[in-house]
Amino acid sequence: QGGLSGSMSRAVMRARPDGAIRFQSSSAHAHEHVARGEIEILTAAAKETLHLFPTWLQIELRTDHAGEFGAVEIYKGALIGARLRDRVGFSGAPTDRMIAFCEHHMHTEQVHYEVMLELVPPSNRTKLQGVWMLAARGLGFAPALLGPRALYWTIMAVETFVEEHYQDQIIRLRRENELPALTQLFEILCADEVEHRNEAVRELFGSADAPETINPGLVIQMWCRLVDFGSR
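Just so it is clear: in the sequence shown, position 97 is 1555 by the working numbering, and no numbers are missing.
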């Protein structure tokens, strides 16, 4: 089973053979599957209005496509780093939890990426996809190899940027009030990104309440600007 529906069916986490804790509860799984079904419906509805997308939105969608592609690759790189860390002797519950965190988030980001494939025609996609793949995998690999806390800080910073980017588009779409299906779709995608950030914060601080203001650091800021620049 391929495409958007296929990724949704693959999004359920499974326990690792060594008995590591699942990353999500069964109730969270149920909520996630409901949201994925809604994403599928809204994507189809938004696709019917492609001819109505204004120029500013087409430009933003090009950035969204590059960003969601990069997000999948970040988690692929992180999984390589985390599994290498596990193999060289840094095994145990923190590493297992980091691997489960990456697997779950990567499946969600794959759904987001496939939404963008539906909404962004090939002629409007970034031409630098190979560059973004290498950059994103490196951005995931390096902190995961260093350890769980380095990865969670990275994800928290990246998702903070992504939330702001989606919110800017949602605010403008609400104001123009012409594309309700796309607006609702973006609200769901943004909520997923916020939850990813909050999960990273919980792993770091034990609560999603802290900190509210995050300085991403120079490396993360450069990556985010690079994605935005290169996808335009």
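Certain hints may be false.
What the hints assert, rightly or not - Distance windows between CB atoms, simulated:
{"no.": "1", "residue 1": "Ala1608", "residue 2": "Ala1649", "range": "22 to 30 Å"}
{"no.": "2", "residue 1": "Gln1625", "residue 2": "Lys1505", "range": "19 to 27 Å"}
{"no.": "3", "residue 1": "Gly1605", "residue 2": "Ile1646", "range": "26 to 34 Å"}
{"no.": "4", "residue 1": "Ile1629", "residue 2": "Leu1604", "range": "34 to 42 Å"}
Unchecked claim - Cut-off 25 Å, straight-line C-alpha distance, at most; resulting in silico cross-link-like pairs (SDA-like, lysine to any residue):
{"no.": "5", "residue 1": "Lys1534", "residue 2": "His1509"}
{"no.": "6", "residue 1": "Lys1505", "residue 2": "Tyr1571"}
{"no.": "7", "residue 1": "Lys1534", "residue 2": "Phe1511"}
{"no.": "8", "residue 1": "Lys1585", "residue 2": "Ala1649"}
{"no.": "9", "residue 1": "Lys1534", "residue 2": "Ala1503"}
{"no.": "10", "residue 1": "Lys1534", "residue 2": "Thr1513"}
{"no.": "11", "residue 1": "Lys1534", "residue 2": "Glu1506"}
{"no.": "12", "residue 1": "Lys1534", "residue 2": "Gly1550"}
{"no.": "13", "residue 1": "Lys1585", "residue 2": "Leu1603"}
{"no.": "14", "residue 1": "Lys1505", "residue 2": "Gly1596"}
{"no.": "15", "residue 1": "Lys1505", "residue 2": "Gln1587"}
{"no.": "16", "residue 1": "Lys1505", "residue 2": "Gln1516"}
{"no.": "17", "residue 1": "Lys1534", "residue 2": "Lys1505"}
{"no.": "18", "residue 1": "Lys1534", "residue 2": "Thr1521"}
{"no.": "19", "residue 1": "Lys1534", "residue 2": "Pro1638"}
{"no.": "20", "residue 1": "Lys1505", "residue 2": "Ala1558"}
{"no.": "21", "residue 1": "Lys1534", "residue 2": "Arg1607"}
{"no.": "22", "residue 1": "Lys1534", "residue 2": "Trp1590"}
{"no.": "23", "residue 1": "Lys1534", "residue 2": "Leu1637"}
{"no.": "24", "residue 1": "Lys1505", "residue 2": "Ala1649"}
{"no.": "25", "residue 1": "Lys1585", "residue 2": "Phe1511"}
{"no.": "26", "residue 1": "Lys1534", "residue 2": "Glu1561"}
Please keep in mind that the hints were generated in silico from the structure rather than gathered at the bench. The C-beta atom is built at its ideal place from N, Cα and C for all residues, glycine as well.
Hint numbers contradicted by this structure: 5, 7, 8, 9, 10, 11, 13, 14, 17, 19, 20 and 23
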